[in-house]
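Undergrad: Sequence:
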Amino acid sequence: MSNRVIDASLNFLSLQWVVTNLRQTNPSDSSSGFSWIFDLDGIAEMYQSYEDTNLWDVVEDVPRGVHVNFLKAERSLHRWALGDLQRIHAAEEQASQEGGGVEMHVLEDAGHW
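Everything in the sequence shown is counted per UniProt numbering, starting at 1 for the first residue and increasing by one.
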């Protein structure tokens, strides 16, 4: 199993994470396959909620004493839209002047996984 995933160009650390989410379909049969242990319906619901929720009003008007942190992996294939990055950086400046906190953290040399 692991060799097939490595052949698919995943690095070893990503592979270790991926296989923690697999279970053998029939543990008593060494030739049985594997299946994901994820709750796929739950994942779909969470993703849809993420897509439907707009929190820019919170980011752009952070209450005093509240901190909003963004985390971006430097090498992630998920690209942040330029407009979103500009809004975050503008909110960083505004929040620092008003006693709130907005900060973008970049994990150097990190990929998505």
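To be clear, the hints were calculated from the coordinates, so they are not data collected in a lab. Careful, some of the hints might be misleading.
Unchecked claim - Pairs of lysine to any residue residues, derived as SDA-like cross-links and limited to a Cα-Cα distance of at most 25 Å, are as follows:
hint	residue 1	residue 2
1	Lys72	Val58
2	Lys72	Thr53
3	Lys72	Gly33
4	Lys72	Ala44
5	Lys72	Thr25
6	Lys72	Phe34
7	Lys72	Trp113
8	Lys72	Gly99
9	Lys72	Asp61
10	Lys72	Ser96
11	Lys72	Ser28
12	Lys72	Arg23
13	Lys72	Ser32
14	Lys72	Gln86
15	Lys72	Asp57
16	Lys72	Gly83
17	Lys72	Ser31
18	Lys72	Arg87
19	Lys72	Ser14
20	Lys72	Leu55
21	Lys72	Ser30
22	Lys72	Asn54
23	Lys72	Ser35
24	Lys72	Asn21
25	Lys72	Gln94
26	Lys72	Met46
27	Lys72	Leu82
Just so you know, these numbers come straight off a predicted model, no measurement behind them.
Undergrad: It remains to establish, for every hint, whether it holds in the given structure.
TA: Status of each hint after checking the structure:
{"no.": "1", "hint": "Lys72 <-> Val58", "in the structure": "holds, 19 Å"}
{"no.": "2", "hint": "Lys72 <-> Thr53", "in the structure": "holds, 19 Å"}
{"no.": "3", "hint": "Lys72 <-> Gly33", "in the structure": "violated, 35 Å"}
{"no.": "4", "hint": "Lys72 <-> Ala44", "in the structure": "holds, 22 Å"}
{"no.": "5", "hint": "Lys72 <-> Thr25", "in the structure": "violated, 36 Å"}
{"no.": "6", "hint": "Lys72 <-> Phe34", "in the structure": "violated, 32 Å"}
{"no.": "7", "hint": "Lys72 <-> Trp113", "in the structure": "holds, 11 Å"}
{"no.": "8", "hint": "Lys72 <-> Gly99", "in the structure": "holds, 23 Å"}
{"no.": "9", "hint": "Lys72 <-> Asp61", "in the structure": "holds, 21 Å"}
{"no.": "10", "hint": "Lys72 <-> Ser96", "in the structure": "holds, 20 Å"}
{"no.": "11", "hint": "Lys72 <-> Ser28", "in the structure": "violated, 42 Å"}
{"no.": "12", "hint": "Lys72 <-> Arg23", "in the structure": "violated, 31 Å"}
{"no.": "13", "hint": "Lys72 <-> Ser32", "in the structure": "violated, 39 Å"}
{"no.": "14", "hint": "Lys72 <-> Gln86", "in the structure": "holds, 14 Å"}
{"no.": "15", "hint": "Lys72 <-> Asp57", "in the structure": "holds, 20 Å"}
{"no.": "16", "hint": "Lys72 <-> Gly83", "in the structure": "holds, 15 Å"}
{"no.": "17", "hint": "Lys72 <-> Ser31", "in the structure": "violated, 40 Å"}
{"no.": "18", "hint": "Lys72 <-> Arg87", "in the structure": "holds, 15 Å"}
{"no.": "19", "hint": "Lys72 <-> Ser14", "in the structure": "holds, 17 Å"}
{"no.": "20", "hint": "Lys72 <-> Leu55", "in the structure": "holds, 17 Å"}
{"no.": "21", "hint": "Lys72 <-> Ser30", "in the structure": "violated, 41 Å"}
{"no.": "22", "hint": "Lys72 <-> Asn54", "in the structure": "holds, 18 Å"}
{"no.": "23", "hint": "Lys72 <-> Ser35", "in the structure": "violated, 30 Å"}
{"no.": "24", "hint": "Lys72 <-> Asn21", "in the structure": "holds, 24 Å"}
{"no.": "25", "hint": "Lys72 <-> Gln94", "in the structure": "holds, 20 Å"}
{"no.": "26", "hint": "Lys72 <-> Met46", "in the structure": "holds, 20 Å"}
{"no.": "27", "hint": "Lys72 <-> Leu82", "in the structure": "holds, 13 Å"}
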